[in-house]
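Asker: Each chain, written out:
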Amino acid sequence: MGEKFAEKDVARLDEVLAGLGSQKGTLIPILQKAQEIFGYLPREVLIRVSEKIKVPLSQIYGVVTFYAQFHLKPRGKNIVRSCQGTACHVRGAKGVLAELRKQLGLEDGESTTKDLAFTLETVACIGCCGLAPVLMINDDTHGRLVPDAIKGILDRYR
Amino acid sequence: MEKLARAHVLCCGGTGCSSSGSREIISALREKLAARGMSDEVKVVETGCHGLCELGPLVIVYPEGVFYTRVQVSDADEIVETHLVKGRVIERLLFKEPTTLASVPDYDDIAFYKKQQRYALINCGHIDPESMEEYIGAEGYEGLAKALSMTPEDVIAEIKKSGLRGRGGGGFPTGNKWQFTRNAVGDKKYVICNADEGDPGAFMDRSVLEGDPHRVLEGMTICGYAVGSDEGYIYCRAEYPLAIKRLQRAIKQATDAGLLGENILGSGFGFNIHIKEGAGAFVCGEETALLASIEGRRGMPRPRPPFPANSGLWGKPTNINNVETFANIPSIMRDGGDYFASWGTETSKGTKVFALTGKINNTGLAEVPMGITMREIIYDIGGGIPDGKKFKAVQIGGPSGGCLPEQLLDLAIDYESLTKAGAMMGSGGLVVMDETTCMVDVARYFLNFTQDESCGKCTPCREGTKRMLEILNRICDGKGVEDDIPLLESLAQSIKEGSLCALGQTAPNPVLSTLSFFRHEYEAHIRDHKCPAGVCTAFVGYTINDNCRGCGLCKKACPVAAISGAVKSKHAIDPEKCVKCGACQAKCPFKAIDKG
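The listed protein sequences correspond, in order, to chains A and B. If you're matching positions, the first sequence starts at 1 in this note's numbering and goes up one per residue. If you're matching positions, the second sequence starts at 1 in this note's numbering and goes up one per residue.
Some hints could be false.
Result set (PhoX-like, lysine-lysine): computed pairs, CA atoms no more than 20 Å apart in a straight line [stated by the list, open to error]:
(1) B/245 to A/151
(2) B/245 to A/33
(3) B/188 to A/24
(4) A/94 to B/188
(5) B/556 to A/102
(6) A/77 to A/33
(7) B/556 to A/151
Hints are computed from structural coordinates only; laboratory data are not their basis.
Put together the whole structure using the sequences plus the hints.
Answerer: Structure follows, in C-alpha cells:
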C-alpha cells in the first residue's frame with residue numbers, strides 16, 4: 001500500500017479483513033470499518049479489500065458508489081449533516097444550510113473545508129422532526145436552529 | 001436489596017430531548033439529590049421518548065405524575081428543593097395546552113396523551129431502555145413465554161386473529177406473511193426487522209428502538225418460533241446511532257439472561273439476532289433491496305415473485321416485518337389477538353403510531369386507534385396550527401403518499417380510506433401544512449427526494465422522475481407553460497405503471513394528489529406568475545421600508561451578505577444576492593422588512 005498510509009491503519013484493515021473476510025455478505029461492514037479507519041475509501045484500500053476477500057474491484061466500486069455513506073475522497077474530521085427533511089424544510093432548513101456554508105467558507109460545489117476540519121452534507125431526515133430544523137455533527141444532534149446559532153455550534157468542534 | 005424509592009424522576013433521553021440537554025439535567029438532578037442525601041429516596045431514570053418532542057426536555061415526577069416541559073439545567077435545583085423536598089408543584093414548568101393556555105399538572109390529563117391509545121409505545125418514556133429488568137417489570141417477555149408454551153401454528157393463528165397488518169406501509173396481514181414463511185420449504189429460515197426508517201418526517205421506529213429495544217427483540221423471537229427460524233437480522237439506519245447502541249446492549253442482556261441464544265426458557269427453541277447497519281440508501285427500505293444490501297450488494301429491488309417468504313436472504317425463506325409491527329407482537333401474544341382487534345375499523349385493527357410534524361403545535365409521536373379522524377389527530381392531539389394560521393393540507397405517507405385537504409379531515413383513517421383518497425398510510429408520517437406552505441413546492445420537495453433516491457434500475461423511475469422534477473422546477477421558477485400540467489399527469493401515469501418497486505410506483509403520488517386538490521395553485525404559478533403562499537422565491541423578494549432605523553441586525557443575520565447600509569441609515573437588500581431565506585425579516589425589531 002506504499003508509504004501513503006500509516007502502518008498501524010493498514011494492520012487494522014488486515015485485522016478487519018481477517019475477521020470478516022471469510023464470512024458471506026460482509027462487504028458492506030468491511031467497507032464501513034475501512035472507512036472508519038481511513039476516513040474515506042482510497043483506491044489502494046479498495047484494491048486490498050478486493051484481493052483479500054476475492055470480490056472483483058468493479059463490484060466493490062459498484063457498491064461504494066451506490067450508498068450515500070461511502071466516500072472516495074478525503075473527508076473532514078467532523079461530519080456536519082444538515083437535515084433537509086420535510087419538517088426541517090418547512091421550518092427554514094435552507095437558511096441554516098446557507099449559514100453553514102458561509103461559516104465554513106465553502107465555495108459552490110465544495111463540501112469539505114481546505115483544512116479537512118469539516119465536511120458538510122445534507123441528509124433527507126434524521127428523525128428529530130420535533131426539533132426542526134436540525135443538524136448532526138458526528139453523532140451529536142443539534143436542534144431548533146436559527147442561522148445565528150451556527151457559529152457557536154461549529155466553534156465547539158474546531 | 002435495593003431500597004424502594006419514594007419518588008421517581010423520569011427524564012426523557014430520546015434523541016430529541018438529549019440534544020436539548022436532558023443528559024446534563026439528569027447529572028444535575030443526581031448531584032443535587034446526593035448533596036441533599038436523598039439519593040436513596042429519589043431515583044432519577046433516563047427513559048426513552050415520550051413523544052412530545054416539541055416541548056423537550058421532558059421530566060415527569062412520580063408518584064404524582066407531574067409533567068414538566070422545556071426543563072433546563074438551571075431548573076434542577078428548584079425541582080429538588082421545591083418539588084421533591086417541599087412537595088410543591090412548580091407552576092412555571094408545567095405543560096400548557098396550546099389551545100387554552102391552561103396549565104395541566106397531571107400527565108394523564110394532557111390532551112396530547114388523553115386521546116392516544118398507547119400500545120406499541122406503551123413503555124416508551126416510562127421505563128429505562130437500558131435496563132432489561134424494567135422491561136420485564138413492565139410485563140416484558142411474558143408474550144414470548146406464552147408463545148413458547150403454544151404450538152407455532154397456534155401463535156400464527158393468534159396473530160391472524162389480531163388482524164395486525166404491516167406497519168411499514170404495505171399493510172399486508174402479518175399473520176398471513178408468517179404463515180407463508182412457515183409453509184415454505186427450507187432447512188434454514190431468517191427473520192428480518194426492517195429498521196431502515198427513511199421517510200422524511202417519520203420517526204416512530206427510531207423512538208421504539210431507542211425507548212423500548214427489548215420489545216422489538218421479543219417480537220422477533222416470537223416470530224422466529226412461529227415461522228421456524230433460528231436467526232434474525234435488524235437492518236437499521238446508520239443515522240440512528242443511539243438506536244444501534246441500545247439494541248446492542250439489549251441483545252447482550254437478553255443473551256446473558258437466556259432470552260436469546262440456545263434453548264430459550266428451556267423450550268429447546270434457539271434464536272440469535274444480529275444488527276446490520278444500513279449505508280444510506282432510501283430504497284433499501286424496500287424488502288428485496290434490503291435483502292440485496294444485507295448480502296453485501298447494491299441495494300436494488302428485484303421482481304416478485306419469488307417473494308422473500310419463499311426465497312429471501314441467501315435464497316432462504318425469510319420473514320420481513322417493520323419495527324412497529326414487531327413492537328405490537330409481544331402484547332398481542334400476552335393479551336390475545338381479540339383484545340388488539342377490539343380497536344380499529346373493519347379492515348384495519350389495532351393502533352397506529354403517527355409522527356406529527358410541520359406546522360403543528362404539538363410536534364411528536366401519537367399512537368391512536370385506527371378509525372380516528374384526521375381532525376382529532378391534528379386538533380385534539382396535535383393542538384392545532386401555531387400562530388393562528390389557517391390549515392391547508394396534511395401530507396400523509398411521506399414521499400409515497402399524498403395530501404388531504406380541509407374537506408377530508410373528517411375521514412376515518414384506515415389503510416383503505418387513505419388509499420381511496422389518493423394518499424396512503426405509509427409509515428405514518430403526518431406533515432401538517434398551513435396557508436404559508438406552497439403545494440407546488442411541497443410536491444417538488446418530495447419529487448426531488450424520490451428522484452435522488454431512485455436506484456436507477458427502471459427507466460420510468462430513473463428518467464421519468466427527473467423529467468417531472470424539471471417541470472416542477474420550471475413551474476416554481478416562474479417559467480411554467482400551459483402544457484405542463486397534462487404533461488405531469490401523463491408522465492405520472494407511465495412511472496406508476498412502469499416501475500418495478502413501490503418507490504417508483506408511488507413517486508408521482510405527491511404530484512397527483514396536490515394536482516387533484518390544489519390544481520389552482522399550479523395554475524396560479526403558470527398563468528398568473530404568482531405563488532399564492534408566497535414561498536416560491538422566483539415570485540417573492542424582500543425589501544426594506546421606511547421603518548428601518550439602521551440598527552444593522554438584519555445585516556448580521558443575512559447568511560449571504562446581501563444587505564448593505566451605514567449605521568443609523570436605511571439599509572437595502574441586493575435582490576441578486578438575496579437567497580430569500582427570511583432571516584432578516586425574523587430578526588428585524590421594527591417590522592421594516594416586507595415580503596412581496
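Asker: All the hints need checking, so say for each whether the structure fits it.
Answerer: How the hints compare with the structure:
1. B/245 to A/151: violated (30 Å)
2. B/245 to A/33: With Cα atoms ~16 Å apart, residue 245 of chain B and residue 33 of chain A stay inside 20 Å; holds.
3. B/188 to A/24: Distance of about 15 Å is within 20 Å: holds.
4. A/94 to B/188: Answer violated: residue 94 of chain A to residue 188 of chain B is near 49 Å, above 20 Å.
5. B/556 to A/102: Cα-Cα ~12 Å, so holds.
6. A/77 to A/33: holds (16 Å)
7. B/556 to A/151: Holds, at about 12 Å.
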